[in-house]
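A.B. asks: Per this note's numbering, residue 387 is the first one in the sequence shown, and the count goes up by one each step.
Read the hints as simulated data drawn from the structure, not as lab findings. Computed from a predicted model, the values in this text were never measured in an experiment. Mixed in with the good hints, there may be bad ones.
[Unchecked claim] Heads up, simulated DSBU-like pairs for lysine-lysine below, C-alpha to C-alpha not over 30 Å straight-line:
id : residue 1 : residue 2
1  : LYS479    : LYS507
2  : LYS494    : LYS566
3  : LYS716    : LYS732
4  : LYS507    : LYS494
5  : LYS566    : LYS702
6  : LYS566    : LYS479
7  : LYS661    : LYS494
[Said to hold, decoys possible] Now the in silico label distances, taken between C-beta atoms and shown as ranges:
id : residue 1 : residue 2 : range
8  : ALA419    : THR620    : 46 to 52 Å
9  : GLU474    : ILE588    : 20 to 26 Å
10 : PRO549    : THR690    : 29 to 35 Å
11 : GLU474    : SER727    : 31 to 37 Å
12 : GLY448    : GLY764    : 47 to 53 Å
13 : PHE476    : ARG388    : 19 to 25 Å
14 : ASN572    : ASP499    : 18 to 24 Å
15 : PHE738    : VAL428    : 50 to 56 Å
16 : ARG696    : ASP499    : 34 to 40 Å
17 : PHE391    : GLN426    : 16 to 22 Å
18 : ALA419    : GLU699    : 45 to 51 Å
19 : GLU740    : ASN465    : 47 to 53 Å
20 : LYS596    : TRP775    : 50 to 56 Å
21 : SER781    : PHE476    : 44 to 50 Å
All C-beta atoms in this analysis are idealised placements derived from N, C-alpha and C, irrespective of residue type, glycine included.
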Amino acid sequence: MRLTFELEPGKEGDFRERANFWDSQATVNWFKAHGYTLYQRVLDDDGDPTSWVAPTFMPSQGRVEAQYPYAYHDTEVVNQFSIPLREEVFYGKVAFAQDSLNRHVAIKIVKNDSNEYRILKFLMAQGLEALRENCIIPVLDLLPAQDISFAVMPRWGSDVMHPPLQTVHQLLLFMHCMLKDIKAGNVLTNHFSDSCEVGESIMRQELRSKGLLSYVIFDFDFSIQWPSELDRTTCRLPYYRAWGSFNLVTDVAQGEFDYNPFIFDVGVLGALFCKFAQHLTGNLPMLAPLLDRMTTRELARRFTAVEALRFFEEMKDQLSQHDLDQSLEKATTISRIPYYSYDRWKDIPPEFAERWAAFREPPIPLMVSIMRRICRYGWVCHVVARIRWFFFKISSIPRCIKTTFVGLRVS
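Based on the sequences and whatever the hints tell you, model everything.
C.D. replies: This is the structure we're talking about:
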């Protein structure tokens, strides 16, 4: 089995070229020989291929219960355009199939010499319960094919925020799972249906109201596997590694030449939480200190992953059932402003705000705003980073001299 297209993380590629690969009889037969029946391509009214695929074999019942690691799913049709269990495969890096027991799986192409492959191989060696506890999608199989492999994982559902969260309890369940593994890559939930109409899914809404939905991290395109003995406080990566495909925070927006990826991950997750929850601080005051400390510009004061989870659990335990049952208000245009500009403390009770005042993020300094404007253009950002690196090296010379000669004595 050989790919007929280029595979680069973060690049979309040619849709038709990738569709032809997955739809070719050679590819279909190869996977069938390995025990998997690929989903069939959905055609448009003119008979041309679309970016959608659907299962070859449909379940006999309308709803199927979850049997971990496999997800709940249903064939619910919400309108005349619905196609049961449809899924989109626009980028062509992931396909969908059914195994010999008609269980649904996702199949992703990975390069054998990539960090992603090494991470997936490591995950495959872990027990299911360990992955379940840490909210990570299990790897069921790695099918080798020359210089690539096909990683087989159970199919779970996307668009995890749809249908919209209804109560504080549902929101906190989602946040708790994300805090267990402090990466903010792509997230899936243990229910799928027609992915084009999941916002109308009755079954998912019922599962969410019963607290039966769970969430997992599944995309490791830009991930790095660090040694277990690594000192997380001193780990650094060059600034451009922070850009990736999911950069939500401003840690390197001022021309920084490097960053700590562990501190960065906490900030990214905090910014993600801000996107859908920062407008709720009036009803759930604990979010204000949590989100401010997860996204603070003062990186030395930013929560670590462990600290964020501990703070969350301690504050959550203080909530009453009445607090948990509160309905969530919908976000407004005003509440969708960036996390670094939104005032999460404006509706906080005065006594609570006073108690947690040390956690409150101060306004953005003028010089920081100026640097962000200057570094908004890519080439300027590179230049500023190199200038800052140069002056950092110059300033470190006296320290290096002192370190080199300290302790030397004249005989």
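A.B. asks: Which hints from the list above does the structure break, by number from lowest to highest?
C.D. replies: Violated hints: none at all, because every hint is consistent with the structure.
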